[in-house]
Structures are given as structure tokens and as C-alpha cells.
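**Student:** Sequence order for the protein chains is D and F.
Using this note's numbering, you'd call the opening residue of the first sequence number 6 and step up by one each time.
Using this note's numbering, you'd call the opening residue of the second sequence number 8 and step up by one each time.
All clues given are correct.
To list a few chain F residues with every Cβ distance to chain D over 12 angstroms, as calculated:
#	residue
1	His-11
2	Glu-12
3	Lys-261
4	Gly-267
5	Glu-297
6	Pro-427
7	Pro-492
List time: in silico BS3-like cross-link candidates among lysine-lysine, alpha-carbon distance up to 25 angstroms:
#	chain 1	residue 1	chain 2	residue 2
8	D	Lys-88	F	Lys-386
9	D	Lys-88	F	Lys-243
10	D	Lys-138	F	Lys-344
11	F	Lys-365	D	Lys-88
12	D	Lys-417	D	Lys-434
13	D	Lys-63	F	Lys-243
14	F	Lys-354	D	Lys-88
15	D	Lys-138	F	Lys-354
16	D	Lys-88	F	Lys-389
17	F	Lys-386	F	Lys-400
18	F	Lys-107	F	Lys-243
19	D	Lys-62	F	Lys-243
Keep in mind that the hints were calculated from the coordinates and are not lab data.
On a predicted model such as this, the values are computed, not experimentally measured, just so you know.
Glycine included, C-beta positions come from ideal geometry on N, C-alpha and C.
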Amino acid sequence: MQQTYEPIIGLEVHAELLTRSKMFCGCEVVDSITAKPNRFICPVCTGQPGALPVLNKKAVELAVKVGLALECEIHTESIFARKNYFYPDLPKGYQISQYDQPLATDGKLLIETESGVKEIRIRRVHLEEDTGKLSHADAHSFIDYNRSGVPLLEIVTEPDLRSPDEAKAYATALHAILRYLDVNSGDMEKGVIRFEANVSVRKMGSDQLNARTEIKNLNSFRSLAQGIEYEIARQTEIYSRGGVVEQETVGFNESTGKTYSQRGKEEAHDYRYFPEPDLPPLVLDADWIESIRATLPELPDAKTKRFISDFGLTPLDARFLTSDLSLADYFERVASHSKSPAKSVHSWIAGEFMRYINESGIKIDDVTLLPESFAKLIDMVTDKTIGGNSAKVVLSEMLQHGGYPAQIVQEKGLAQVSDESFIQEAVTKVLNDNPSEVEKYLAGKETLLQWFVGQVARSTKGKADPSVTRELLVKELEERRR
Amino acid sequence: MELHELNIQETHGLLSSRKISSEELTRAYLERIQRLDPQVKSYVTVSGDVALEQAKKADERIKSGEGLTPLTGIPYSAKDSISTRGVNTTCSSRILENYKPFYDSTAIKKLNSASSVLLGKNNMDEFGMGSSTENSGFFTTRNPWNFDHVPGGSSGGSAAAVAAGLAPFTLGEDTGGSVRHPASFCGVTGLKTTYGRVSRYGLIPLVSSFDTIGPMARSAYDVALVLEAIAGHDPKDSTSRIEPVQSYSESLKKAESLRGLRIGIPKEYFVEGLDKDVDASVRAAIKQVESLGAEVMEVSLPHTQYAIPVYYLILFAEASSNLAKYDGVRFGMSERKTGDLMDVYLKTREAGFGAETKRRIMLGTFALSAGYYDAYYLKAQKVRALIRQDFQKAFETCDALITPVAPTTAFRIGEKISNPLDMYLSDVFVVAVNLAGIPAMSVPCGFSNGLPIGVQVMGPHLSEETLLRIGHLYQMQTDWHTKHPPL
Ligand SMILES: [Zn+2]
Chain D
6 MQQTYEPIIG LEVHAELLTR SKMFCGCEVV DSITAKPNRF ICPVCTGQPG
56 ALPVLNKKAV ELAVKVGLAL ECEIHTESIF ARKNYFYPDL PKGYQISQYD
106 QPLATDGKLL IETESGVKEI RIRRVHLEED TGKLSHADAH SFIDYNRSGV
156 PLLEIVTEPD LRSPDEAKAY ATALHAILRY LDVNSGDMEK GVIRFEANVS
206 VRKMGSDQLN ARTEIKNLNS FRSLAQGIEY EIARQTEIYS RGGVVEQETV
256 GFNESTGKTY SQRGKEEAHD YRYFPEPDLP PLVLDADWIE SIRATLPELP
306 DAKTKRFISD FGLTPLDARF LTSDLSLADY FERVASHSKS PAKSVHSWIA
356 GEFMRYINES GIKIDDVTLL PESFAKLIDM VTDKTIGGNS AKVVLSEMLQ
406 HGGYPAQIVQ EKGLAQVSDE SFIQEAVTKV LNDNPSEVEK YLAGKETLLQ
456 WFVGQVARST KGKADPSVTR ELLVKELEER RR
Chain F
8 MELHELNIQE THGLLSSRKI SSEELTRAYL ERIQRLDPQV KSYVTVSGDV
58 ALEQAKKADE RIKSGEGLTP LTGIPYSAKD SISTRGVNTT CSSRILENYK
108 PFYDSTAIKK LNSASSVLLG KNNMDEFGMG SSTENSGFFT TRNPWNFDHV
158 PGGSSGGSAA AVAAGLAPFT LGEDTGGSVR HPASFCGVTG LKTTYGRVSR
208 YGLIPLVSSF DTIGPMARSA YDVALVLEAI AGHDPKDSTS RIEPVQSYSE
258 SLKKAESLRG LRIGIPKEYF VEGLDKDVDA SVRAAIKQVE SLGAEVMEVS
308 LPHTQYAIPV YYLILFAEAS SNLAKYDGVR FGMSERKTGD LMDVYLKTRE
358 AGFGAETKRR IMLGTFALSA GYYDAYYLKA QKVRALIRQD FQKAFETCDA
408 LITPVAPTTA FRIGEKISNP LDMYLSDVFV VAVNLAGIPA MSVPCGFSNG
458 LPIGVQVMGP HLSEETLLRI GHLYQMQTDW HTKHPPL
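When you get a sec, could you build the whole thing from the sequences and use the hints?
**Tutor:** Rendered as C-alpha cells:
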């Protein structure tokens, strides 16, 4: 049943822009979670009568950067508009946004899917101001206007996405671009990037457009995929029993993983857009746009291609590294200092290093381990100075407490030994201490060999070269068979 | 002559020669306000303490002799839509009855830096919506020439204050005639400035794309002195003009004749419904201007008849949005004792806004709604462009236009209040100027049954100097502007 329906998904992404001051006033942009409420406000961003907006040029510059990176057409004239609605977090009773003449249109973003690279068309990129933040306690509501007027970029796709995975891939790719351009902090948990998804389903092969639901408050990649997945299932279920899906706005509940109805079609807002009379049209100089284009950094796609050609990485490995600018930079610095194959550098970074990052919650940018030291450690594994397990110990030590690999190896006595008499002694002892395992091995359970290798490694504290160990174990076990 | 009859220049003479102190002058005005304003009702707030404090500062400055300007120590009042820090700014609306702004508007800041003295805030039609001050949320101002008549509007309190000698000058605000219309009804000189010439920062908006702050005073020369002080580019107002401000008063001192000036008389402004006395006085003023050397010619502004509907449509739309912030959440009236958020919104706005304001919010909300936007707002903007073109074309052949300000003299209180459409039509000669964003001035030019008549002079963008020159030279030849109501 499920296979006979296909989802049609479009995404709206709201990203805060990393400017020092707000969009239309001089107030500082602060961390809206840690800053004391209502300390970074003025007549403009609290909508005092008579206050007027003045456009922050830096916000325009950052928005143009994103438009260019998404290969949009940047319009030399765009118009700010008022989006009128009542809500306490919206101090003026309208939000200054862009409507029928946005800053940039007709772009694209390439994403990696199971069936290869897919182009997602970008409908528009426009500037608007953020609202304040509401919180509720003890039957009271509190409003913090620190966030009111923070510049936001809205990036809207065409309905080109066909699965939760594609939506997630798009969101991740866009997140990476915003970080590469340094226009957004990327801190999803602080709500600096927020998603809205438009989801509808239709019979496979049909080109009919069915009623869609707009899912609000999707604040993580996970919620995004979950919310869409839930909506697809819900709508598919309705159609498959002959029902009708209502056009509506739904919210997403992170704890239940379900969507819930917020507003039906009847209650849909009429925002009564009209051109903002307090701001003249935004007119951009074509040369200025070109000068910004010239400052664009290498973007994820280009970096991936370069990693494949320069380092001989697989597309999958390269894309993993380039999905995060800090990770890509760190990899490149380690690889440049290392004599080992880039593939080994990649597996150390993607493996142990990322495990540490994920477990500790430390940001890659805050890692103090020098890429030179990391490179040296990988090289020591490559030239068999130390074993892989010992290297993990050293890496962990260096990540947590610093230090140099050679020094730690020496202090901890981790240098690998390939001296046969030393290893032979350990092998004999392990076999003598475990007669029943020896018996089982000799009875045909040869998979126990790996267990014996492990026992030797443990008794030598990882110093024994595993290939030599294996050789000596087989030899002695065969002798005992006789 | 009494103090309150002196113009700014004469008063400045007394202050700088220290024949009188700013404090004495201020006390004299405050005393006169206390005595006469209970009848005239031109002030919503009298800021006596602030005034005396500012006057003392002005006196110190005069004593030191440093940085004196023609406005140092001169008292003034301001329309109650112009934000004054710490002094109630109500827009004559219940919804802002106790609202004290945290900041000064740019125009007020500029007057503060000249050490002028704020006497108080003048009554108006609520948020500027009206032509008589009868739509004030508090009370109706009376015309100082005849208390049974309206002072005009919406800056009616401001015009009445100057006419009654309750302020030597005042800052009015003109969205669709709100400076010129009451100036004409009260017999004072009022200038609607080029859109963007005076910063709107701190001016509580009615229609953001029409609103302009403009001076009202006893003569064109006084208006020039005030304009010099308040005009100029303001980085806080993205719609303000960057062109440097001319020295208007210097230019007036040198002005001798209007030779070489071409004056257009738009035939669409002399039509049926124009009061006979108004017609005669305006035509006499045109003759006077001609006698000063100007060349007079008939011109046409063919889209004039559409100005009223276009103006009101755009007004309704923008006003409905500009008035959304009065929601009882952050400032002003807040009816939040019971109910949920929607109740706060509904009760506050129900209790806070007057009938005319509600009518306009509803009309504007409708005009901007999906499905109606193109037919109303967008079409109005298209016709607005045609009206602007009319003026551009006229100004290809002439330097200024002369018309009446209003079809009649001040009407009686209560005469039009029950018929909004009739009230809207009293703005027929003034609103096109706001659609075009050009400057225009109302100059007293006669009386009919004891009520003043005004003549309107319009010019292209930033032609304030020309308008003031015409007004000034006319006033050098006439004495209509020197008449005082018998109070
Ligand atoms: Zn601010």
C-alpha cells in the first residue's frame, strides 16, 4: 500500500544571520538563551510609536553571499514588505519581510541521495526580521525582545524533495553551506536554524497536486525527518482508506514524534502584505554583488571534488569530511602533516576522533590537539612503531590532556615489540593458562585464535606486534596438536 | 504690543538684548495658556515644569552668549503625535492617554539643541484622522476666531494655539492637509514640507508614506526660521532627504520681487462648491502675487478628482497596519484584567480607539485583504503615480501653483461630524500634495464673516525656499497674517 503513494516535500529554512547588530536598529545580537531578557532592546525593536527601521547593510551582504552560493539570481532591486498579524512576540503588529520582490530567486542545491546526486531547486532567498521569544510559567507569559529584529534569512525550495532522507540531506547540505560562508553559527540547539516543511502525498505516477500540510517548529535534522515521516504516513493512511487530507498548519511534538493540528484552512492567516513604506526599495549595485562573489570561499561541493582528486578518497568519505567545515579543515591539516595514506588519516578522523567529539560534546574548533601531533601518531601506526590499540590510548590521552605522541608512547611503554622471544614467552604462558580453550581449538573451534591474540595483546599491554603474535600462536598450537 | 503678539524675530530681539528672559517669556505664555486655553482647548498636555527648566537653560546660554540661534529661548508647542521624552504623547487617543515616550523625536531633539522651550502638546484628531479635531479622544478644540467653529484638522490644536497667542510657533504634522487646513481655518502660516525634508523619526505615524512634520507660525519668515532648525537628513529615517538644507531666512532677507517666477493656477481647483468669499480672496491674492512681478498662467492637473479616493484608500491601508502595535501588550492602555490574549487585544482596542479610527482600520484591513489588494491598494498606487505626473508636468512650465486651501472657511462644530464623506471632501484641495510628496504652504489671505481664509502655494520637491519667498513677499504687502482674534 505504502509504495503506491509518493510524498511531495518543500522546505522553508529560517537561518539567523551572524551580524553584530540587529536588522533594523543598532542593538547588539546576543545569545538568546544565555543573555538576560530585554537588555538588548531599543524603541525600534520593541515597536515604540514613531520609531523607524534602518537597514543593516551587513545583513544584506550575508544574504547576498548565500544567494550567490546557492547560484540564485540576485535582484538589484528588491522590496521590503509588511506581513501583518497580531502576536505578542511581534511588537509592531507586523513583521518586515520580503514578499513579491525578494532579494534572490531561482537557485539550486545539489544533494547526495541513494540514487546519486539530485538537484533541488531554490525558489527564493529573502531577508526578514526575527520575532521576540515567548515563555510561559504560572499562568503568565513572558516576552523577551532580545531576539526581536535579529536578521533572518528565509530560504525556500521548490517542492522537489521526495523523502524524509532527501529533506534531511538538503537541510544538512544547506547547514554546511551556511557554515562555510560563516553567515550562521550553525548551533541548531540554540534555534539559529529552523525548518518548516510542506508535505503532501499523491498516487505514484500522478501529477495531481493534493492538499498539503505545513509542519512548523522543526528545530533539528531529526525532528525534520521525523515530522515529515509522520505526516507522510498520516496522509497516506487517510488516502488509502478513501479519506481527504485537509490543508492545514500543523505543529510537531518532539517528545511524541507526532504532528498536531494548529490551524485549518478556514483560520489561515491573511497577512495583508504591502510594501513597507518606511524603507525605500533595496537597490544593489551589480559591481558590489560581483565583489561579494569574489570573496566566496570554496564550498562543500568543490571541496568534496578536491578531496577525491587530491587525496584519493571515496566520494562517500570525502562528503563525510566536507559536511562540516571545521572537520574538513582539521582533516586537511592532519593530512598535510602526515606521511601516511590519506585513507588512514580519514579512518582515524572518521573513527576514533569523531567518537571522542560525539561523546565529549566538544566542538572541533575547540580541540587543542595539534594536527601535527595527530599526524605523527598516525605515522607511528603506519610504520608499526606502535599498534593500533596503543595508538587509541595515546590519542585519547592527547585529546584529553595534550602531550606529544612519542613522549606518551615512551612514558606508557607502549612501543610495539616484534622481538620473537618476548612474544613467544607470552604466547606459551597464555596457552598454558587456558588449557580448556586450547582443547576446544584443537577440537576444531579455530575462531578462538583471535581470542588468543587478544589475550597475548592484553598480557603484553598491546606491545606485541599482532601479526607476529598470530604466527607464533598458530605454530605452537599446531605443535600441541601432535 | 503684547508679548504674545510678537513674531519670533521680534521676540528673539528682546531675548538677545536681554530686555526679557526666556523664563519670563515662558511664564507669560504659561499664564496665558492657563487663562485662555480652558476655552480654546488647544493643549492636551501643558508641560510647565519641563518648559521652565528648559527656559532656565536657555537663559544661561543667552547669558554666555554662545551658540545662540533665532530659536534659543523661544517657547513652542508640538502636535501630540510628535514624541517628546518624558512628556505625554497621546495622538489624542485614549489608547495612548498616559503614554510617555522614552525618546525624543529628531525634530524635538533639534529644537532642544537650539534651547527652544516646549510649552506642551496640542490636540488633534485621533492619530490625525479628521479635519476638525472633533475626532480627538479627549475634546474638540475651538477656533479662536469663533468658538462655535472648528479649528480645522488634524493639527487643529496647533493652529489654534498659534492663532490664540498660546505659542509663538508650533510643530504640526501634515498627512493630507493637516497643517495647511487648520492653518487656513485659524489664520496662521503653515508649511507642509517636502516628504523626507524633516525627519519622521519619533513622529507617530498615520500614513508613513505621506506624513510630514511642518512648522506653523505667525509669518512665512518665522516658518523659515523654524524649518531651518528642524530640517535635514536623519540617518534614523531611511526616507529622509539627503540634500543640504538651504538658509531660508537669509534668502528671504534678500528677496525683493517675484520677477521671473511663473505661477500656475490649476483650473480644477476653482470649481463649483468653492465658497464665493474664498474664491474672491484667493483671486485677490493671485493678483497681489502678480503685482510682485510673477507671471501667472492657467494650468491643468487632470487627475485631481481622483485624489480624494486614492488618498483615503492608501491612508486606510497604511493606517490599519501602523495602528496594529496598540495591542495592550507593551505600552498605552491595556485591558488585561480578565480573559485570554484575544480578549486583551479586543478589549483594549475596543476601549482605546474612537469611532473614526475603528472605521478606518476596518476599511484598511479590507482593502489589503487577499483578493482585494489589486483592486484597491494597487490601483490606488497606480492612480497616485498619475497624480504625481500631473504635478511634474505642471512644474515643467511653472515654478509654483496657487489654489485655495479649503473650499470654505471653518465650519461649525458638529456640522460635518455625522457625515464622514462630507468631512473627507473638505480635504479636496490639500491631499493631492501629499500623494505627490511636494511642499505646500497655507498663507492667510482674507476673512469671511470673521473667519480666516487661506491661500495655498505649492511647489516641486524641495522648493520650500520658493514657497517661503512668495509667502514672505506677499506678507510684506498685506496684513492678514498680523490679525489677532479678540480673546
Ligand atoms: Zn533595537
